[in-house]
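There are 2 protein chains.
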Amino acid sequence: MIDYFLKDNWKIIEKGFDPRMNRASESVFSIGNGRMGQRANFEESYTGDSLQGSYLAGVYFPDKTRVGWWKNGYPEYFAKVINSVNWIGIRIVINGKELDINDCKIYDFYRELDMKSGLLRRECTMKLKSGEKVKIKSTRFCSMHRKDIGAVQYRIEALNFSGEISLIPYLDFDVINEDSNYEEKFWQETDKDSNSEFPYVEAKTKKLDFRVRATMHYEISKMGERLQLSVLPSERKKFIAQQSNISVKEGEVVQINKYAAIVSNFNYPDEDFKALSEDLLKKAKSAGFEKLMEEHVSVWHGMWDKHDIQIDGDVAAQQGIRFNIFHLHQTYTGEDPRLNIGPKGFTGEKYGGSTYWDTEAYCLPFYLCSADPEVARNLVKYRYNHLQKAIENAEKLGFSKGAALYPMVTMNGEECHNEWEITFEEIHRNTAIAYAIFDYVRYTDDVEYLPKYGLEVLIAISRFWSQRITFSEHKKQYVMLGVTGPNEYENNINNNWYTNYGALWCFRYTQEIIDLVKKDFPEHYKDICKKTKFTEQEIERWQDIQSNMYMPFDESKNVFLQQEGFLDKEMIPTSELPKEQRPINQHWSWDRILRSVYIKQADTLQGFYFFEHEFTKEELERHFDFYEPYTVHESSLSPCVHVIQAATINRPQKAYELYLRTSRLDLDDYNNEVAEGLHITSMAGTWMSVVKGFGGMRVEDGKLIFNPLLPDHWDSCKFNVFFRSANIEIYFDKQKVVVKNLKGNAVSISVYGESTEVAEKQQLEVDYLKHR
Amino acid sequence: MIDYFLKDNWKIIEKGFDPRMNRASESVFSIGNGRMGQRANFEESYTGDSLQGSYLAGVYFPDKTRVGWWKNGYPEYFAKVINSVNWIGIRIVINGKELDINDCKIYDFYRELDMKSGLLRRECTMKLKSGEKVKIKSTRFCSMHRKDIGAVQYRIEALNFSGEISLIPYLDFDVINEDSNYEEKFWQETDKDSNSEFPYVEAKTKKLDFRVRATMHYEISKMGERLQLSVLPSERKKFIAQQSNISVKEGEVVQINKYAAIVSNFNYPDEDFKALSEDLLKKAKSAGFEKLMEEHVSVWHGMWDKHDIQIDGDVAAQQGIRFNIFHLHQTYTGEDPRLNIGPKGFTGEKYGGSTYWDTEAYCLPFYLCSADPEVARNLVKYRYNHLQKAIENAEKLGFSKGAALYPMVTMNGEECHNEWEITFEEIHRNTAIAYAIFDYVRYTDDVEYLPKYGLEVLIAISRFWSQRITFSEHKKQYVMLGVTGPNEYENNINNNWYTNYGALWCFRYTQEIIDLVKKDFPEHYKDICKKTKFTEQEIERWQDIQSNMYMPFDESKNVFLQQEGFLDKEMIPTSELPKEQRPINQHWSWDRILRSVYIKQADTLQGFYFFEHEFTKEELERHFDFYEPYTVHESSLSPCVHVIQAATINRPQKAYELYLRTSRLDLDDYNNEVAEGLHITSMAGTWMSVVKGFGGMRVEDGKLIFNPLLPDHWDSCKFNVFFRSANIEIYFDKQKVVVKNLKGNAVSISVYGESTEVAEKQQLEVDYLKHR
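As given, the protein sequences belong to chains Z and H, one line each in that order. Residue numbers are given in this note's numbering: position 67 of the first sequence equals residue 114, and the series is strictly consecutive. Residue numbers are given in this note's numbering: position 332 of the second sequence equals residue 379, and the series is strictly consecutive.
Hints listed in this document are in silico derivations from the structure and should not be mistaken for laboratory results. A portion of the hints provided could be inaccurate.
Given that identical chains are not distinguished, each listed pair holds provided it fits within a single copy or across any two copies.
[Said to hold, decoys possible] Mimicking BS3-like on lysine-lysine, the simulated pairs with C-alpha atoms at most 25 Å apart in a straight line are: (1) K626 x K448; (2) K626 x K443; (3) K353 x K817; (4) K194 x K285; (5) K808 x K353.
Okay, chain Z solo, but in the shape it has when bound:
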């Protein structure tokens, strides 16, 4: 854990430059607009340690799978959103000497991510070895308004010399992915021109033929005056640059505004690239940097108006939640149904930008509450679109008759993961995908989704479970052998309670939806039966399994067991683990972790989170008290679930502790890995920990329920949710809870059990103290 960035309600601030923190800062200060994203690499040359990262949504490479020993069923490739063109680069040469931040003396380094406006700003003074001192100031953004445009404004002041400053803006596709096999590079140049008003490089990926064209334009001025300079173009493989030399006197300021248009055949036909890019740049040029920035900022302001969470009295908590909301919105905007949410978004290479069960389990609620209804529907339908591939995936593993196993990791529906204990065994992801349908329909009441898309997915998932479960003659019960639960610190275990419970729930829910569709959409039902060859005899086995499933339980402790044999471990709580051994995944060998009792992320408790409505609060409390003390929260997805549960069982202090952990996970680098990128999907979990945790929001039978719990450290908390076309604002402090219907249809609201219909512009106010 670190305490490095300064606390501020709206900004992330770094004062002073520490090269050891550079990769961490590059992650934290990343910017993006849903279509492209950029780590906070420097514009100038920097020969120090850095992870260069510029990513384009949907532009990936199917890299060769790396395995030690091949297992039947492994996928042929691992998809990764690859590092793309460096469009921010501006080399600076002063009196013939390269400005390399790694080789300067640096004073007054200041960097801020202005989350309110979506801007990355940096200022500092640098002294070259030869003595020249310059003060620089840069501002950049990926335009939220013009999604293919990135812009940089870079100023440089000659503090103690007169002479020549050369500015060399460039575009570079000759980039590496650090995780590529044997330093393989993925881009091949197809075209370029360095000697033009709109110089460009066009490149394509080695496989799949993704084509991307980056074009730039820039203006240079001195002391506010536009300069017309002769330009020295230069190029090398996959690279173009233009150099301008400017004579300066001591105290003079030179400024360059650089605009980049980046277009790809993921979004446009390649024959339009040239015209489109030049048009984009001409418009950008004519608008100018300030105007472009204004437009961009105004999109952000609009977003905050709708989706902010305000926490008064606790800057760390406030900054944390805004940091999470900010990154979620710049990662995924939900406009493109082909896209999904990679665990690191545009902030690093890890996890390859692919889709995990994170989307269904952690992200969906955020988009349900904070985006157009279409966005959440797109997210859920993404898996419907991949159903056929999920069926093929199951076939590959030996399942049949339309059983589907959704991939653990995917870019286009095909499995991309290659660790047998995860790929083949972390099959509870199927439940999360079914659950997302349930969650979506519960929240939106979009019942028509079920006959159109949902039921097919549910049948295929139930079929999978039906085949995956076997009957133990020994136990005279059904069992599920060889799985990995959400707690990936246990592999190839038998009867993981969460997986077993989820499978049974899938059977129940599928049956419920079969009944519903059969009754309310009989034509659809017939079509689905025909299409999927579904017969109701299949349900008989599902019911038999439900009546005879083995669920590991310990009488003496009165808890369900994470898996069979769980109690054979050394039951030493995490509080007794030496601090220097945390996180254990960085200090212990894998076998030691596996043998230990420690839980990476909610596993049994994940079941109590998803299926909370099927248990009593006492049951939840008992299981929370049993499992949380063994939980090391080394998955970013862990603390948020526990915040919600701690709040539910009225443990404000525990909830608050874990809330800081989830909301400031990356800012304070709890797991010592922020250098690799941010935990984007868990950020949605953080949002949930406020809304569902401290806000106590639930939806039941079309009613919006709140049971707010204000941490001691907070004066008040306020947030909005969109619910069935109404915009609902919730405010709570130590005196009162106020739920307002700002706009939209009347909504049935319950606060601490007091229910009422709240019409547009009406509100429900309830005493806080009476209930807490």
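Put chain H on the given structure of chain Z with help from the hints.
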């Protein structure tokens, strides 16, 4: 399973050329001499499918580890004995056209491995597309007498044309390893000369700096007459060749004798390479091909005189066992204590030529009985030499205080394996290493090995087990969590009976040896305690574990369970598995295999094999009858153990079936993988299946015990063993068993329980029928 090679008592014969079988034949017809080995690649050009393989013992490359997802504790590199110089190559050009076997019409293809003489011979007639027909005949060997020399005799007859035949012998280091990452090549040229009487290429490996020099010399004759020809040298990177053009008339025969000297700095200082190589070749030249061959053949004849197993009345069985003995002897001769036995010997790339627990568990008995005492001692001491690295390996995984975990796979004592479920969990290998000490001392009575080397290893192994076992408060017993047994179709299981039993046995045996050394070698004992910081308090915990270890057992079936929960699987015997799904490891996904009951190789039964003397025959029978029906024998190491046990419990038919499977595993390609190379280590298991299985040989308290059982298909069986400096011959047929002491001290012998001392030149004869 295939039936491709012809059956013969002394030869492996292939008639007709089937390119689809080429890789398989290349493996089966491999030749070697313990220092170098060569797959049966063709001398001429062959553009068809082939696995080029020429290997030098001890010359390996530490290749970059490939893993999907890194786990703490993984090794940095994977060692592999790499494909080395192609020294057999002779390009043939006929009237200007390359002779490419893949592009010819082939008649009367005949290939034989003459195991009695250690020669690979080939004959065939080939017709080029342009019509020229040639008959070729080649003979080659890696000299058993001059270990750095390989020799080829190649004859070519112009059947239907007069014209020009060019012979182009070459040396080529520009070779690939098929399993290299990203087609990386491992050799770098350091020197070469193509224009000399002794042309050569010298190269070094990219890492570790193994240097190898290959030098050639050759003689060409026509119709028996030596030709003096002008030579056209040529070279390219890592390659030299010399071309001679010979005019021939129809019916004439041209012959080339090619000798290669291959020396490496694994055996010689590099400054001696030149003189040494030329000296070797001058001597070879002056001896001539026939003489070199004679010397070589005579070494093989001497070997067979001592180590043959004769089976009368069953050619398949006879051929099988000789094939096994032949390959064992050409893989490992035991002269060099730095070497060990790779699972594929010199016949393929798989397993990288590294050392596995195969050596201790399957190979040691063969070398104990069939080689100089020094050879077996070298094999056992190999692990003593690696003790410090095994301690470091355990430290890396979190163990301490001198606990040792021997590597799963190693070249120099460091772990090279990188699958967590094997690397970290298949820890029963430690028991095999302790067992080898026990086995060695039991057989040789070399008690002095214990204070000198054995005890240190035993203490370190027992320390490991002591730390690896944990106490379950739930069971109130000690447990061993998270292991993989010999049956690798189960991973990360708890309380594998074999591993648990082996650990307890290690404690017992270590204690026994501590007592022995303390009493008989008190000075050594003091030194060992000092060196290892051993205190007798450690024994207290070992004893506590022994009294309170959980051993999975099922009352109703009255068997120890392979692991906890074993009976929850679908208990369908292998006899009910559809044939087209076998071997399951080629037809089922890995998770399906893991969930299934099927046993890859003896696991519980491996315990009954090692520790047979600690169980009754009834217990063995009960466990055999329970486990064998679920065993798929998909490890080459599986059938041999079962042969021995089937023979012990008097099941000649079962024993015979499994014997064919083990002895003809590669010849009949039971597991559909011989193309990758032969199963060298399991060949020692095959030898055991005759000696310990059908011969029923055991050693107990210094007595050599035999309980022969003759399969119905055999008329008789005869073999020799060296036991404590005596050469003992055992013969049995359907009437009698005769055990002769051919040479050496008197030996205490027991046949079917009849015991006597048999002095030199004496014999013990016992009636067979009375006992069977």
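_Homo-oligomer pair classification [K448, K626; C-alpha up to 25 Å]_ = Close across copies (22 Å), not inside one copy (51 Å); limit 25 Å.
*Could you figure out if K626 and K443 sit no more than 25 Å apart (CA to CA) within one copy, between two copies, both or neither?*
Between copies only: 19 Å across, 44 Å inside.
*First find the shortest C-alpha distance between K353 and K817 inside one copy, then the shortest across copies, and answer within, between, both or neither for a cut-off of 25 Å.*
neither (30 Å within a copy, 97 Å between copies)
*Check K808 against K353 for me: Cα-Cα at most 25 Å, and say if that holds within a copy, between copies, both or neither.*
Classified as within; 16 Å inside a copy, 102 Å across copies.
*Is it within, between, both, or neither for K194 and K285, if the alpha carbons may be no more than 25 Å apart?*
Close inside one copy (23 Å), not across copies (54 Å); limit 25 Å.
Consistency note: the structure conflicts with earlier hint 3 alone.
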